[in-house]
Each structure stands twice: as C-alpha cells, then as structure tokens.
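Number of protein chains: 2
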Amino acid sequence: MHSLPSQAIRPLSLSSSSSFSSSSSLYLRFISSTFPVSPYFNPQSPVFTAISRRLRRSTIRSCSSITAKPSSEIRRTRPKDEPDSKLRALRDLFSKPNIGIDAYVIPSQDAHQSEFIAECYMRRAYISGFTGSAGTAVVTKDKAALWTDGRYFLQAEKQLNSSWTLMRAGNHGVPTPSEWVADILAPGGVVGIDPFLFSADAAEDLKETISRKNHKLVYLYDYNLVDEIWKESRPNPPKGPIRVHDLRYGGLDVASKLASLRSELGEAGSSAIIISMLDEIAWLLNLRGNDVPNSPVMYAYLLVEIDGAKLFVDNCKVAPEVMDHLKTAGIELRPYDSIISEIENLADKGANLWLDTSSINAAIANAYRSACDKYFIRLGNKRKGKGKTSETSNSQVGPTGVYKSSPISMAKAIKNHAELEGMRNSHLRDAAALAQFWLWLEQEILNGVKLTEVEVADKLLEFRKKQDGFVDTSFDTISASGANGAIIHYKPEPGDCSVVDANKLFLLDSGAQYVDGTTDITRTVHFGEPTTHQKECFTRVLQGHIALDQAVFPQHTPGFVLDAFARSSLWKVGLDYRHGTGHGVGAALNVHEGPQSISFRFGNMTGLQNGMIVSNEPGYYEDYSFGIRIENLLIVRDADTPNHFGGIGYLGFEKLTFVPIQTKLVDITLLSVAEVNWLNDYHSQVWEKVSPLLEGSARQWLWNNTRPLAKT
Amino acid sequence: MHSLPSQAIRPLSLSSSSSFSSSSSLYLRFISSTFPVSPYFNPQSPVFTAISRRLRRSTIRSCSSITAKPSSEIRRTRPKDEPDSKLRALRDLFSKPNIGIDAYVIPSQDAHQSEFIAECYMRRAYISGFTGSAGTAVVTKDKAALWTDGRYFLQAEKQLNSSWTLMRAGNHGVPTPSEWVADILAPGGVVGIDPFLFSADAAEDLKETISRKNHKLVYLYDYNLVDEIWKESRPNPPKGPIRVHDLRYGGLDVASKLASLRSELGEAGSSAIIISMLDEIAWLLNLRGNDVPNSPVMYAYLLVEIDGAKLFVDNCKVAPEVMDHLKTAGIELRPYDSIISEIENLADKGANLWLDTSSINAAIANAYRSACDKYFIRLGNKRKGKGKTSETSNSQVGPTGVYKSSPISMAKAIKNHAELEGMRNSHLRDAAALAQFWLWLEQEILNGVKLTEVEVADKLLEFRKKQDGFVDTSFDTISASGANGAIIHYKPEPGDCSVVDANKLFLLDSGAQYVDGTTDITRTVHFGEPTTHQKECFTRVLQGHIALDQAVFPQHTPGFVLDAFARSSLWKVGLDYRHGTGHGVGAALNVHEGPQSISFRFGNMTGLQNGMIVSNEPGYYEDYSFGIRIENLLIVRDADTPNHFGGIGYLGFEKLTFVPIQTKLVDITLLSVAEVNWLNDYHSQVWEKVSPLLEGSARQWLWNNTRPLAKT
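As you go down the protein sequences, you meet chains C and W in turn.
At position 661 of the first sequence (counting the first as 1) the number is 654 in my numbering, and the numbers step up by one without a gap.
At position 430 of the second sequence (counting the first as 1) the number is 423 in my numbering, and the numbers step up by one without a gap.
Just so you know, these hints were derived from the structure itself, not from any lab.
Among the hints, a few may not be true.
Which copy is meant is left open, so a pair is good if it fits within one copy or across any two.
Straight-line alpha carbon distances no greater than 30 Å define the calculated DSS-like cross-link-like pairs of lysine-lysine that follow [unchecked claim]: (1) Lys704 to Lys565; (2) Lys565 to Lys682; (3) Lys89 to Lys367; (4) Lys250 to Lys397; (5) Lys209 to Lys528; (6) Lys224 to Lys151.
Extracted from the complex, chain C is given alone in its bound form (with noise of 0.2 Å):
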C-alpha cells in the first residue's frame, strides 16, 4: 500500500502537458535487445522507435536477472487446469467501492524503473507464476493475458496456468498489451494501474492508446490490487543497512554535488527536482544500499530544493553514522510513503518542480500535476472574487512543472579521478581472481570432474569473495556451456543447467561489486580442441573488439557511429550479433547504467566524453551450438592526437578489464600485424599489472596465458 489514505481513486491531472506523451512506453512495448531479422531492415519497426530516453537495459542481459532469488511462493507451478484461485481474487476486487474497474495491467517494474527489484515487488510474476523478467499481465473479467519477448517464451509456456493466454511480443500479428485491452473491453472500459509502477510516460502512452477505444485509465493510489491478494505471504519490503560511499571512491562531496544541481536547477527555471532512479540518489548522497541483488542502491526518493533536501526512506535503514552524514549534507529524512504528500505541499507553495517523465512514475507527475491545477484553481476563484480575472493570463505566479531529462544521469555518467581510480583497481583485484578461477577450472576439467554451469558460478563468486572490498554480484552470472552460449540471456539454474562440458566452447560473463568499482567481463574459452570455423568466429569477435577498442573519434560521437566497427570482421563473412556493443557502468553502482550506449540502434544521440564508461563486448552466437562474447570495460580518455581538426578533442579508449584472452581460439592468420601486436601488448600489460597480485600456480597461470604470438 503507498500513501494516501482517503480517496483510492484519484481523477487525472485536468491539464495536459506535451512533455507527457513524447516518448514511447518502455515497458509496455517490451524492448528486447535482439532483432528479429536484419537491424536495418525496417526503421519503423518497434526496435527502432521503442528506444527508452534513458537506456536503462542496454546491450547483453538486458532484464535477464530479477529472478535472482526468486521466492518459493513465486516459483511453484499451479497444475495445469485447476482453477486459478489468485485470479478469482484479484477479479473480486474489481467491483469494490472506489475500485469499479473492468481491467488491471500489472508490469514487472518497481516504483523506480529499477532493473534489479525487490522480491516483494515482483508482482507480475506472482499473479501469473512467469518468472522471467520480462513481461506485462493483463486481467480483465474474463481474460488474462501475458506479454514476454522471444527469450522466454519456452519457459512462459511451462510456467503459465490454462487461465493465462501467452502474447508473444514481436511475433506478427500480437498486439501491444495496450492495443489489447483497448480491443477487448467493450466501449467505456476502466483501465486501472497502480501508478507508482509506470513511469509518467508510459502511463500516458497507455492512457492515450485505449483512450483512442473511448476507455479511461484510472490510476489506483491505495492500494496495489495483487498486494491485497498476496497478504501474508507476501515478503517484506527490503531492509538492507545503508551505507556511507567513503569520499575516496566517491571522489566529490554531496555539498558539492547539491550544489551543482541548484546551480542547474535555477538554470532550468525550476525551484526543486524530485528524483526517483535509485542509482541516481546513491550517486548524488554518496549512499550505498542494500535492497535488491547486484545493485547497491536503497529503495528512496530524494527531493532536492534551492534550501533543502529530503530524503524519503526507511528510517530504519539508516544508522546513526548515515544520519549524521546526512545531516552534515543538510538533508532530512522523511517516511519512504510520504511522497505523495510531500509533492503535494511542493505544488501548494509554489514550487517549480523539475521532473523527468521517462524515470518519474505516475504517481508522482500526476500528483503534482493536479496539485497544480487545484492551486491555479483556488487562485482562479480568488482572483475571480477580487475582480482581477484578466491579470491571470499574463502573470506567471504559481508552480509549473519542468519536464526534463534528469541532470543526475549525466553526471554521474562522467566519473571523477577518484571514481576511475576505483574502477581500476577494483579491475584488478577482480582480475586477480578471475584468474585463480580460470586456474581452478582448467584443472578440474583436466581432471575429469564433472561442474555444472551453477557450481563454475559459485565457485567463481567464492574466488572474488576473497578479494578486498567485495560486496556482490553485478548481475546474475551467465556460465553457459554448448549451445547454451547461444541464448544470449542464458541463466542457468539449479538443477536445471548443463555439465561445463570440456569438449565445447565455454562463455563466462560476469561481474562484481566492489567497494570501490563495478566489474563485467567476458570471456570464451575452449578446454579442448576448438573446430576451424569456432576459431574464425572467435577470432572475427576479437578483430571487432580490438577495432572498437582502437577507435579515435570527435568528441561528442554518439556510440551508434563506433558500432560497425566492432561487426565489421564478422560482416566480411556474412556474420553478425543481434545485440548492441556496449553499454554505460556505474562506478561502484549499477552495471547498467545510461545515457550514453554504443549500439546499431540509432536512437540514442548521447555523445561520448571524457570520463563515461562503457563496454565493449561483441558476440557472435550459433543456435543450438555455441556462443562468443569477448568484453572488457573502456575509459572513455582523450585522445592525445597530434591534431585536432576542427578545434575540437578526439576521444579514444583506456582498458580497465586484464584478463587473458584465450589464444588457444585465435587464428592467426586471419589477424593483421597491428591485430597481433594489438593482443600481445594487452596481455603484457594484462602480465605487468595483474602478476602483483598473485603468487604460485596462479601466477605462472597468468605467465602461460600472456604470452606474445608471432605472426609467421
């Protein structure tokens, strides 16, 4: 339940701002980072106009990893045909008084778009039993229907009960669940949602999609309907400590950070800025939490004004050293569900409230909106008794909303020296370990023991433990072996996985948080003899990575411009990978993180600087065979070009990954001399910067696997 007790339904805003029906629905469309045929084929397709503002889920395991820890409860599967009780519930609750609805949408999101969420969040999977990531539900009277991308269609198919129809999003011919519902209610229909699930945007794509079918949204403040139904069994809400981000990582001070968002804040002709993207409030605060898997973020709100800030959290997360961190930063707490309220007293003492559609949910934009209006309102008829009517148009008094992307994003996008520093040596710490784990598995295969991808998980997961600084995954880890390297979002699973099997090729992409950095890396390896054509597919990878690698570029590039080079190898033999090249990571913060991305999709114009991060992780993947990913992470760094034309700066790459590359997979003859020389002098730096932090058999592993090749 989120605030507001008296009234459930609350009428949407009488007003209606352009900002709010720009962008496309993230979540309703479903963006899948795969294409279905050629990624040029048809730019109107939704692959190219479903592009969020904010690239939260880029280029590999997009949404693959809410299922991290599923609980029993989510997990069990219903016999096929017996009647679906939560359904019967849920559809009870429709005709309830200050309910009165004929359709509930229920997406996969928490209340701030996360990528990782909160078992007690997973809603849609809990009223439909598809645990995937992925997915929208639908309950109308009589129907239940459930959207999920090509990934999961299989296990959608297993999971769901007779009472749900699968929709196949992106096959020909299915509707959006928008489309839907709109078609299905008969003329009138009531859409209800819970609007702290949808952000502004998306909840007005929908609105204005049945709207076209003479059918109204409501929005549901009181109560989340699966919630209701879920009662008891439902898990609490998340509880993890929060924790000071120590200044040496963090690199810049939260005065100093505030005050760079004031500054921008009165640039913008705004007053306060509501910002609700998890990974943003950690950043601005210098905070670290612990609520959801692989990501180090608290479950908050942070409202920042000219004057003051409020941070809207859980009180008993945070300990009395956060407090007075806090205090110092001039920041309040207040209840986590006071939100609503607190956007309410913004709207009524006039503020000019600085709002990012794409990531701000419904409840809060449409909160402040009708505030708004009641203000305008109560002045109209104040104005009106006073017989000043005619002033109104002209003077600007009172709040305005100012619909913008969020400034927090970008900053935090372009890291400080003491946040590059960390992401560096937590890269090497983490190399450290990947390589005793590399160690440890060629040996045990050489032995003949028989791993399955989930114990090569964990035990990799042992490894970092014993680094300084660990604190978690970055994301669940993809240990597939075969023809489960194919599945680009493969997760195996307990029970249900493969053998690491010593006669096919192996893909490991996995990461870590540290203390001081976020890590994700790849690598393919092979424990036997690869064949001829695994080779060339290898090695055209590796041409792809070193060609993105190697780039010089104007600054301000949009990374869609790099993308062909890292597929130009591939493309020479009619190869190619269905996902994008690179993506923006947090330091020491979310593994997935925006605005910049280096992908075929042409919609996002973010360019490159000096300071972002991004990966560089080409593919090539075989159905039913195998799978090749080869990824380090870059420094975005000026580039020290003897020229620069156009008075501008040209931008290139720093390594921040040093890891072997399996040269075992390399075939030589295909790399040019700057290829080869490219590989040997990465795994000397690989030798001279990781070798330090190993001893024994670890280290002569690390000797083995950099030495030079010739090129004869």
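Place chain W on chain C using the hints.
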C-alpha cells in the same frame, strides 16, 4: 509568367493537411554540406535537422554549379552606391492591384527543385547581383537582404551593392529568411512568393513561421515579379531538343516502368501521380533533354493516371521520333504552362492525386487542394439541397490527396542490368580520357608550361569530348591548385583563377555525361615533391577510401553506418573532413541523386540495396594550404558471403572508376599488408580494363602508373 490569366492572387487552400507541415525547408534554411565544429556536437543544430527528405544536394559540390554559364547581364556588377533601379522597380510592383504585398521572397530554385537550372530562372542572381548557387533574397518596401552560406560570404560581399544586407547564414544569431521577414514587418504584413519556386513543404514552413507573427503568405501565381522587371533582357526558356534514351542503356521500356508505377498508385489508393523532378521524368520516359548544363533533362511535368499519361512540355522540343516514342507508351503532350488547369481538372473529376510535397511545388499542391475544397463545397451544397448532409461525413467520395514520397526515386536509384553495363562502359572510356589528360598535364608541367586551373579543366573536356557517346560535363569541374583545393566547392573562373603550381597538391574533381552513363571522379596529385605531412594526410584519406570500398554489411544498412569507416584513419591523428562520404549517382542522369547517401548526417535512413550507385570520396582539407580527395564511384552489390546470418543478404561494392591513384603520395609505412594489396590489385585492374582503350604514350603512362608497390 505562369498560367492562370484571371486572378493574380490565389487564396491559400482552405483545408490544412498535416503532411504539409512536416519537413524542414531545404531552401530557406540552407543546407551546407559543411559543419561548423564537430559533426556530432549539437544534434539539435540545423545541420542535423535540416536534412531534406530527398537529399538532392549530397556530399561534395552540393549546390555549387548553377553559375555554370551566367549571362553577362547577371555578371555585371554595379557601382556600390548607385541607387538600385531593380529594387525600385520591384517595390513599385508591390502595391499594384492584385498584388498588394509588403515583402517578396526570391529563392534560387526553379519550379522543379533542380540542382542545375536554366539561366532564365536565375531570378535571385538577377535581382541581387550575387551569382553564387545558394542563396535567398528577401525584399521589403525599404530593406533588401540576401542569405548565403559560408562558401559564398566573400563573393557576396563583392557582388552585393549597398542596397543589400548580407545575411551570413549559419553564423551565430543570424535569423532565417522566414524569421527575419516575420520580425521586420509591421503586424498584419503580407509576404508574397512565386509558388512555383517553393516546394509545398518549404512554402508551408514559411507560412507557419510568419503566421506566428500574424503575417499572411500569398501565392502570386500569375507574375513572377522579378521576371516582370527583367523583361526583354531575360534569357528565353531553353528549347533544347529531347532525345530518346536508347533501350540498350535504359534497359526497361516505358510501358513496363509505367505498369509498375500504376501498380504502386493502386496500392497507395491513388488514381494519379504528378511528377516534377526532371530526372524522374527523364528516367521514367526513357528520354533525355538538353535544357540545363550538366544534367541531361528537359523542363516538364508528368501526370500519370491509371489509364493515361500526360507530359507537359514545350512541344518545340519534341521531334517526330520522340513523339512516336511517347505515343507508343500512351503519353499525350500538353503545354508546359497548362499544368495548373490540368491539376484542377483532375480534382474536378474526383481523382486521388499522389503528391510528394518535398518536391512538388506549392503552386501545384495548392491548386489541387483548393480545387478539392471547391469540389466538396459544391458537393455539400448539392447534398444540402437534397437534405442529405448527414451522409457526407461518412462517405469518402471525391478527390483526396495522397501525400507520400515519390516512388520513382527508389525505382530510379536501383539500377537494372543495362544501366549498370552502361555505367561500367562509360567509366572505362572516361578513364581512357583521364589517362590521356594526366599524361598531357604531367608533360606540360614538366616542360614548365604555365597553365591556369581553367585551362586544365578545358583541356580535360577536350579529351572527354573525343570519347564515344560524350554528351556534357556532369558538373562544373573543380580544378584546384594548392590552397584552392581546401575550398571544398571551389570553382575556378576564367581571369580569376590560379596557375597550376608544380610544387603544390592539385585536386581535380570532374565528371561527364555519356549516352550510356554518368561519371564523377576525384584524384589528387603532386607534380613535385609532396611533404611528409601531405603524404600522411593523403595516405589516411586513401585508407578511409579503401575501408569503405572493402566494407561488407547487411542489406538495408543505411549509408551513415558506413561513414565512420572512411574517417577512422584520419580520426586516429585528430583529422576529419566536413562533408559526407558518398552520394547517389544517376545512370546517364543527374550526378547527384537520392534517396541513399553515405554521410555523418544521421537523418537519412534509406537502406543501401543491390544495384544502387554511390560515390566514395573521403578527403582532408587544410585551410589556406591544400585539399585532398580520392573519389571512385561504386555499385552496391550482393556480396557472396559464405554465411547469411539472420537469413538476409550481405552487400559490398563493385568499383566503377578505374584511374590510377598517385602512389608518390602514399606513405607505405602507414598501410597494412591488406591495404597495399588493395592498391596493387586496384591498379592491376585499372591496367587490365583501361589499357585496351589506349595506345602509345598514354598506354605507357597507364603502365607506369599501375605498377605494384611492395610493402617492405
């Protein structure tokens, strides 16, 4: 004077279609093919937003050539302070009955959005005295202003007298012509235009901008005011004879082309299409004309209906042979000036007309819409009389405009077998002429003969004229010695050009029209000893040229994805060039055509397809010093890749141009083995293909200039 004798001012259409307000105005905002700072710096800049849907003026020399043979009348410059009698005469017309305007906008265009236009249509040059190819003049009752872009600032300063204000388009704070006239007029101003000289989209943009300041736009159909004062001295409209384009070269007969077009008309729900782009008419009818320099086209409109077609053309250009050709295809002749009344007839008879508002002029589009409005008013009145008004809203009877891009553009861009063969053959003859030319030039320079840039260009024309099937140049030759090479749109003028300096780089960009094909080639050479820096720059341009030439990519990849390949080597040392890398080329037609392009401008999403032709012309330019460009034409061809990932075809390029690249300028130490092999292989093909067309010393020259380089 155009058609319609009765009524000078025609009211704008009553209805307003959203499709008229979409695209940016190509001609009022000036597309320059250069960019001010970084191509990626500001995606909101006009460089990014003002991309024409049709990309007429792509890449190099965009609009540089309409001064081809300016009349002495246009050329004459006036003493600076002489009162401007033309302006006075023009302003006198403002208050005439049936005119009544406060400002008149005079663009550079003819009625067909042509790149090269006939002298009699060079009204902006006549009225302003400024003869550059790009510019817009706006004359009010007391002000006269001329907009042009950075290429022409110096020239405009020289040519404009003191009555004119030069508006430096693209400079900070300089308004567009529409903004300026909207600001400068007193409220309720009336702006007049000749509606034949604006695309419907451009006119709509102008109307929108000035209406924000409460001004009105009127279309002066009957009189072009500049023509009224130009009077007797105005050159006659061209009357060059039309010829039939041989089926050997055209490949597809008119009946087949019309059948395809009519099938598209049906699919689009239209019953007729009006075509005004001169190259589209020439292509569709297998005709070639002689009305403008460089492009083998004739002034005409073409109306294709389901059951007939009408060519609006001055019939003195139509010889009996051409008449027979047209009759065979079922095409009737109509006077050029009767287009508007025919369009009105079409609406009267209820035809659904397909109009591409990015190319169709506002006169035609508005005439059709006005006639449609009248049709429905009549219909409404009639029905009202019969008491049947309630039915009108539902029934879709009567004429309706179908506002879509021209289907001819893509059909023309994808060349058939005969067109490709013609292009291949004409390129070999062109290469033979160039070999003879380069031999001659090298000998002259060696002998110390002083030759101007124009003399060199003239001599090249002589060699080309001797080739079978030569028709014309395909654009004005850019013959540029030393620093002139850095002026991307340089056009040497007799009496005002440089001597070709034996000790400087010489850039030669030229092309020809043959009966079977169109050529466009740039080579850069040094007759003495290039500097190390020049060699490095040349080599990096060559590496870019090779990288694009060798690219393989999925079908339907938009050209801009490949653009970075051509810049990559320059970027590595902080260099770049401020123009696109490739434009489409017609087959024995316009040297610049759409819809595809290869450019850093991301707006053109047209996918490349088998059979298209593009130029490959990276460059590097150092202001006040030198310019380098290496340009070949390429055919987009299916690549015979061993794989077809995604179940799609992959594309590559086949070279059309076979002329040696000067190896003296190559720093071989910068080249990879693969790049050296490319160069040697290219030269071996040049020898093989072109040597049979040469004898004697020219053959020897070719031999000397196609010897392989060895990578030491």
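Okay, the hints, checked on the actual structure:
no.: 1; hint: Lys704 to Lys565; verdict: both (22 Å within a copy, 24 Å between copies)
no.: 2; hint: Lys565 to Lys682; verdict: between (35 Å within a copy, 26 Å between copies)
no.: 3; hint: Lys89 to Lys367; verdict: within (28 Å within a copy, 56 Å between copies)
no.: 4; hint: Lys250 to Lys397; verdict: within (19 Å within a copy, 50 Å between copies)
no.: 5; hint: Lys209 to Lys528; verdict: neither (57 Å within a copy, 69 Å between copies)
no.: 6; hint: Lys224 to Lys151; verdict: within (26 Å within a copy, 83 Å between copies)
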